[in-house]
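Participant: Each chain, written out:
Protein chains: 2
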Amino acid sequence: MRVFKPSFRRVSVISPMSSANLSVGFDVLGVALDAYHDELDIELDKNKKGITISSNVNLTGENTAKRAAELFFKKVGYAGGATIKLVKGIPAGKGLGSSGASAAGAVFALNVAFGNALSLSDVIDIAAKSESSPHADNVSASILGGFAFVHSKSPYNAFSIYRKWKFYLIIPRSETPESKTELLRKALGEPVPFEKYVEEKYALNSMLRGLLYDEPESFGKGMNVESYHQLIRSRTGLYSDYLKLKGSLIEAGALGVCISGAGPSILLLPGKETSIKTIKSVLEEKEVEADIIEANVSEGIKTKNMEI
Amino acid sequence: MRVFKPSFRRVSVISPMSSANLSVGFDVLGVALDAYHDELDIELDKNKKGITISSNVNLTGENTAKRAAELFFKKVGYAGGATIKLVKGIPAGKGLGSSGASAAGAVFALNVAFGNALSLSDVIDIAAKSESSPHADNVSASILGGFAFVHSKSPYNAFSIYRKWKFYLIIPRSETPESKTELLRKALGEPVPFEKYVEEKYALNSMLRGLLYDEPESFGKGMNVESYHQLIRSRTGLYSDYLKLKGSLIEAGALGVCISGAGPSILLLPGKETSIKTIKSVLEEKEVEADIIEANVSEGIKTKNMEI
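As given, the protein sequences belong to chains A and B, one line each in that order. Each number in our numbering comes from the position in the first sequence (counting from 1) with 161 added on. Each number in our numbering comes from the position in the second sequence (counting from 1) with 161 added on.
So here's chain A without its partners, still in its complex pose:
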């Protein structure tokens, strides 16, 4: 096995949030957005063993950035240690790809430190495997930018299509239950009615057409088709705000509305008439307390600083 040596001692990166499970793209379609980001500063120390991590927020349990660094070091055969400083800018537990952005940022930063020892495909694979429930739509979007299409899970790999589009995130202020992941995982697995299965194929092609032809209307039309994973998950009760809002948001001019990631945040593709004001009036009418955040499609992780 080839052993790689670092080119830089210290690398810092900015890793954007992402909105995954994009409509019918369960596990396979995500988009990187610039509304929130994590910053990671990684310093290598060849005389040390293990990885220490510190953050501006309380890190509970195993952190994905740390796990990602461990997997990266194993892959490149690096026996030293590292210190990770993580500035979390992405709210956790809201379906905004927070843990994915940390994992993606760590692998990406380390790969820069090691002179791009690994391909972007390897970076995606390691980042995906750093999550407690492996999937690649979040990390691929953060890494590649734009709309990430995951096409392989052995190893995880993806490609992306970039469009300079604007979205809005509607982030409910209600508390997310601690058992969110468990609840949502349990909700999956039921067989999909054949008609729904076919309907989702049309919807994915409609979204694809929107991206290839720069037609947000076509993307929104596909985006509005409720995916089966989302229909099943709705029964958990975690998406009550979403179900209250979706139809009214579309009536008020939104081209597309779907749950962001595992929710409860809502991803909204605006039409010409949609503004924070129109969204706010729908929220008030439906008595939902939420923050409305403008979010442009992001170009993906950026290196901020490198030191030899």
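Hint data in this document are derived by calculation from the structure and do not stem from the laboratory. Be a bit skeptical, because a hint or two may be false.
No copy is singled out in the list; a pair is fine if it fits within one copy or between any two copies.
In silico DSS-like pairs for lysine-lysine, Cα to Cα no more than 30 Å straight-line [said to hold, decoys possible]:
{"#": "1", "residue 1": "K438", "residue 2": "K209"}
{"#": "2", "residue 1": "K314", "residue 2": "K382"}
{"#": "3", "residue 1": "K433", "residue 2": "K314"}
{"#": "4", "residue 1": "K382", "residue 2": "K235"}
{"#": "5", "residue 1": "K382", "residue 2": "K290"}
{"#": "6", "residue 1": "K357", "residue 2": "K314"}
{"#": "7", "residue 1": "K433", "residue 2": "K341"}
{"#": "8", "residue 1": "K209", "residue 2": "K314"}
{"#": "9", "residue 1": "K207", "residue 2": "K314"}
{"#": "10", "residue 1": "K407", "residue 2": "K441"}
{"#": "11", "residue 1": "K325", "residue 2": "K210"}
{"#": "12", "residue 1": "K382", "residue 2": "K357"}
Note that this is a predicted model, so its numbers are computed, not measured.
For this one, chain A is given, so just place chain B on it according to the hints.
Facilitator: Then chain B, alone, in the frame of chain A:
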């Protein structure tokens, strides 16, 4: 309603065959191929009512070209009649988009005759609705050429991506039962296991990557994932040759193997080592009698002749 008048009295076109239900693209993905085509010669007669059709083959029941012409005339408000001469080059009942090519050719030719009165989207919609069981993957491929992605069914609409790729068609010599359509329709409708549902999303993205990046390997990888509609349909016994051959053809170097349309023909994307000779040796080994036909991706319907 605007009433259109014909610009040409007579138009003839060449309409290529297509391979639809392409792997996981049930009802939504087809490819136009140049191996076989139909020729249609349509002559308008404003002093006549109704449509007469003649052909080099025995036309049983209602013909899709005639039905397509009826729908077209209704759409443009034309009160005259027409004579259609149909030269069938595409074998029927083999899953090669034979009825779709005739329908597509008729609408396309008439639209040329009427000075492109309708958009290509309208042409696709009318052609799709001319089939006894409406779907648009065959007709969209014949009309647009390349790989057709159907993204809407109300009205039917599609876009296409062209790649200069070569395929092989393996057309079993065994008789197709008369009740093929009925058998196959009955076989559909069962709910899809959740894992399969997710697996197909990865596969479609893999095929998409192949098309966007000109990577036949990635297309073939997705193409090899058996779609659920195909798994259910296999139980009809119509695909026994396919099931015998698929694994061995991949072992012999094929990048992708799937059923063409509703079968029993097989669509094969060759690897560098695949030739008619290597395919023939697999057929012999498995004792399957079939014709092997080279087929390049077609650019779609071409106008052959116009007369004022």
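Participant: Have a look at K407 and K441 and pick one of within, between, both or neither, based on CA distance no larger than 30 Å.
Facilitator: Cα proximity of K407 and K441: one copy only (13 Å, versus 56 Å across).
Participant: My question is about K382 and K235: at a cut-off of 30 Å on alpha-carbon distance, are they close within one copy, between copies, both, or neither?
Facilitator: between (44 Å within a copy, 29 Å between copies)
Participant: Given a CA cutoff of 30 Å, do K314 and K382 count as a within-copy pair, a between-copy pair, both, or neither?
Facilitator: both (28 Å within a copy, 12 Å between copies)
Participant: Using 30 Å as the alpha carbon limit, work out where K382 and K290 are close: within a copy, between copies, both or neither.
Facilitator: Between copies only: 22 Å across, 32 Å inside.
Participant: Please work out whether the CA atoms of K207 and K314 approach to 30 Å or closer within one copy, between two copies, in both situations, or in neither?
Facilitator: neither (32 Å within a copy, 60 Å between copies)
Participant: How do K382 and K357 come out at 30 Å by Cα distance, when the copy is not named: within, between, both, or neither?
Facilitator: The answer is both: 15 Å in one copy and 25 Å across copies each meet 30 Å.
Participant: Could you figure out if K209 and K314 sit no more than 30 Å apart (CA to CA) within one copy, between two copies, both or neither?
Facilitator: neither (33 Å within a copy, 61 Å between copies)
Participant: Under a CA distance limit of 30 Å, which applies to K433 and K341: within one copy, between copies, both, or neither?
Facilitator: neither (35 Å within a copy, 49 Å between copies)
Participant: Between copies, within a copy, both or neither: which fits K433 and K314 at Cα up to 30 Å?
Facilitator: between (38 Å within a copy, 25 Å between copies)
Participant: Checking an output row: K325 and K210, CA cutoff 30 Å. Within, between, both or neither?
Facilitator: Neither: 43 Å inside a chain and 53 Å across chains, both beyond 30 Å.
Participant: Is the C-alpha distance from K357 to K314 at most 30 Å within one copy, between copies, in both cases, or in neither?
Facilitator: For K357 and K314, the Cα distance is within 30 Å both inside one copy (24 Å) and across copies (14 Å).
Participant: From the Cα coordinates, with 30 Å as the cut-off, is the pair K438 and K209 best called within, between, both, or neither?
Facilitator: Classified as neither: same-chain Cα gap 54 Å, cross-chain 60 Å, threshold 30 Å.
The structure fails to meet hints 1, 7, 8, 9 and 11 from the earlier list, while all remaining hints are met.
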